[in-house]
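Just so you know, the sequences run in chain order A and B. One point on numbering: in the numbering used here, the residue at position 185 of the first sequence is 185, and numbering is uninterrupted. One point on numbering: in the numbering used here, the residue at position 453 of the second sequence is 775, and numbering is uninterrupted.
It is possible that part of the hints are untrue.
Capping the alpha-carbon separation at 25 Å, the derived lysine-lysine pairs in PhoX-like fashion look like this [to be verified]:
#1 B:LYS446 x B:LYS390
#2 A:LYS249 x A:LYS306
#3 B:LYS352 x B:LYS398
#4 A:LYS319 x B:LYS345
#5 B:LYS523 x B:LYS352
#6 A:LYS319 x B:LYS446
#7 A:LYS319 x A:LYS249
#8 B:LYS398 x A:LYS311
#9 B:LYS390 x B:LYS345
Residues from chain A that face chain B, not an exhaustive set, calculated with beta carbons under 7 Å [said to hold, decoys possible]:
#10 MET1
#11 THR4
#12 ILE8
#13 GLY115
#14 GLY116
#15 ARG117
#16 ALA184
#17 GLU187
#18 ASN188
#19 ALA190
#20 THR194
#21 ALA195
Simulated from the structure, these hints should not be mistaken for laboratory data. Using N, Cα and C, we set each Cβ at its ideal position, and we do this for glycine too.
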Amino acid sequence: MFETLILILDSTVRLSTPLLLACLAGLYSERSGVVDIGLEGKMLGAAFGAGAVAYVTANAWLGLLAGIGVSVALGLLHGFASISNRGNQIVSGVAINFLAAGLTALLGQTWFRQGGRTPALPEGGRFRDIVWPYAEQLRDVPVIGPLYSELLSGHNILVYAGFIAVPLTWWVLFRTRFGLRLRAVGENPAAVDTAGISVAWLRYRAVIACGILCGFAGAYLSIAQGAGFGVNMTAGKGFIALAALIFAKWRPASAMFACLLFGFLDAVAIRMQGQEVPGIGEIPVQFFQALPYILTVILLAGFIGKAVPPKAAGIPYLKERS
Amino acid sequence: MNETPAIELRGINKSFGPVHANKDIDLVVKKGSIHGIIGENGAGKSTLMSILYGFYHADDGDILVNGKKVTIADSKAAIGMGIGMVHQHFMLVDNFSVLENIVLGAEDSAMLAGGLDRARIELKRLEEEYELRVDPDALIQDLPVGLQQRVEILKALYRSAEVLILDEPTGVLTPPEADHLFKILEVLKNEGKTILLITHKLREIMAATDSVSVMRRGEMVATRETRNTSMEELAELMVGRSVLLRVDKKPAVAAEPVMQVENLSVTDQRGVQVVKDVSFSVRAGEIVGIAGVSGNGQSELLETLAGIRRATGGTLRINGETIDLGTSTLDAADMRAKSMGHVPEDRHRMGLINSFAEYENSILGYHRDPAYSSGLLMNIAAIKENAVAEIEKYDIRPPNPMLKTASFSGGNQQKIVLAREIERDPDVLLVGQPTRGVDIGAIEFIHSRLVELRDAGKGILLVSVELDEIRALADRILVMFDGRIVGERGANADEGELGLLMAGVEDQAKMSVEGSAR
Chain A
1 MFETLILILD STVRLSTPLL LACLAGLYSE RSGVVDIGLE GKMLGAAFGA GAVAYVTANA
61 WLGLLAGIGV SVALGLLHGF ASISNRGNQI VSGVAINFLA AGLTALLGQT WFRQGGRTPA
121 LPEGGRFRDI VWPYAEQLRD VPVIGPLYSE LLSGHNILVY AGFIAVPLTW WVLFRTRFGL
181 RLRAVGENPA AVDTAGISVA WLRYRAVIAC GILCGFAGAY LSIAQGAGFG VNMTAGKGFI
241 ALAALIFAKW RPASAMFACL LFGFLDAVAI RMQGQEVPGI GEIPVQFFQA LPYILTVILL
301 AGFIGKAVPP KAAGIPYLKE RS
Chain B
323 MNETPAIELR GINKSFGPVH ANKDIDLVVK KGSIHGIIGE NGAGKSTLMS ILYGFYHADD
383 GDILVNGKKV TIADSKAAIG MGIGMVHQHF MLVDNFSVLE NIVLGAEDSA MLAGGLDRAR
443 IELKRLEEEY ELRVDPDALI QDLPVGLQQR VEILKALYRS AEVLILDEPT GVLTPPEADH
503 LFKILEVLKN EGKTILLITH KLREIMAATD SVSVMRRGEM VATRETRNTS MEELAELMVG
563 RSVLLRVDKK PAVAAEPVMQ VENLSVTDQR GVQVVKDVSF SVRAGEIVGI AGVSGNGQSE
623 LLETLAGIRR ATGGTLRING ETIDLGTSTL DAADMRAKSM GHVPEDRHRM GLINSFAEYE
683 NSILGYHRDP AYSSGLLMNI AAIKENAVAE IEKYDIRPPN PMLKTASFSG GNQQKIVLAR
743 EIERDPDVLL VGQPTRGVDI GAIEFIHSRL VELRDAGKGI LLVSVELDEI RALADRILVM
803 FDGRIVGERG ANADEGELGL LMAGVEDQAK MSVEGSAR
């Protein structure tokens, strides 16, 4: 029983990581007042960029860099549409999702001729699991052993990056000048503007931060968790990350717990696949896949109170009257 | 004394599209003085100050700070030159603490901690020096507006502002809070700060300033030493005598009252009472004008009578039927059904749906009328026929009922609204700002239509911030100030006298509100 629990928690961590990275990405963007429904697209673009470059160069780090590059570029596109040109942020985000879905499959097929997939990664093209010191020796110690060697040890570096990003984001948001301004511009851009700070530049930096984290999330899927890019491999994770962000009321620590919860549900779903539950029978896997969304709706509807987004989220900032 | 002025503006011009908000403005502000800028709403005061604060850019003209010509590219530059501004709508982040708001944009370094600590100490010093006490850890959203404003002032002082601009600072304050603010300003002045006070309230100018400049319709019309001028002179300068609107009309033949309002009180969404125990009547065949500086309860009065806003108390008698407005649940459609037409003050927000075609807008609010609708389907043919007839009768151009109303000029949009309401033949027409943003030709047309309606024996209640318009059209003039009707005058009332009433100066002469239902 304990063994099973550890296994489920272990896979919870693995499954939560991309959600967490994307969720924190969205947090930067939305805290600055730029609604980002394009997390999914940026992740997908990054996954493809990472997979392709890691295959060609056989270097995971270059792959990660490429993923970040693609994601930041898509983020800047979103910024150009919604910050510089004051376009509708939802429309721009949706466009990015479509663009990424189509472009990755097309370029994948054109370059690699494997139905849109990137070829399996060569040695060195993938982030390997890091085994912590003494993990093997401690494996048989009761309770602490499995916790240490299964749960803490034995993940790839991007997993650790994701969880370190949580306190880091909190620190940036609440302990630095950039964070203060970022939060202010999402609440009342006019206050930031009259304080002599450029609203546009601030929001662009937020969008870039979002792109970087989305790049991590995408690279995780294709060159850390997986061993190559597959068509539409994000499979809605960007949207779940967005749900987690709302669920967490745009706060870093809550975001981590929300993502862990959703990851846990995913892990349970995989575990329950094809298994009979006494008295109920086999639960369809779709039920578990839908659970994050159902949970978000139910909990937001009454249990955790109203999730108030940053006040200026989604509203382009217009200074001059016309 | 030929000290260099703290601020000097030369030939400032600024246009927003077709609106020339500032025309060739010159202004000299002496160091260490409180300089008032007065003018009606829309006279261009806020625009001018926003230019000085670098929020807008002047189309041309020079700005001199301490005698040196400067370019103020943005607010940061203005702050750097020692100019601080307290905006009419506070520029504060509601869910930040006082301290966070104060350091925003003036943090010492990339890390917050040091800056916040220094701000806390500095704030303590400012608090003691200027008697501006406020809890640095309180959230803005928990503070009353008076304290929020104090935070804005502290923000400017923290940035070591030497020149402080206050834009309509008392608009949100209660009278005791306003008095306290003036005391603070006096202290600041004695410490050598220069203060620019923007307001449309004469009393504040007289009470607080050393000198005053008057703006009217984008122009700077006069500058006076406060002690050498009077409220009467300023009121006259503010209102101006330039454009004389003449409307050909015979004296009103007023009959029985068609609409009587008694003890109407209205509270707005902030919980502030905006209409205070107002009573008046409108008779068949007369135009009753409500004059007043905007924001004194006229808009809320009009909206309440139109069924858009709820009253806290009062009765409305229309066509012999008595309605208790305090408990009524009648909405805009019900009021229209009681033969009360409504031309709203803001045609873009309430009068029209600008992305709809002209013919669709021509029946908005009357779309349930059996003539246009069978309940399920609209009778498009009948609606278009009606639209075409109205276009002809009101000379709406271009004469195309299929065009979106957004493509019509302001004057023609207003004619669409007016045609819609007048052609339903209401017994009472409520009209708000009928000629705001309307060209001269259309103004004349709209005015003569209203007079025609009056001569047809209908009652009209006209709300306008244009005093000329009220004087040209109304048979009786009620002046609203601070939610009350503070005076009633006949059609040929003296402008200066009305101006004083509008500015809230006590009317000792002849308070004759009881004469309304004679």
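Checklist entry - Where does the structure disagree with the numbered hints, that is, which hint numbers, in rising order? => result The structure breaks hints 1, 6, 7, 10, 11, 12, 13, 14, 15; every other hint is satisfied.
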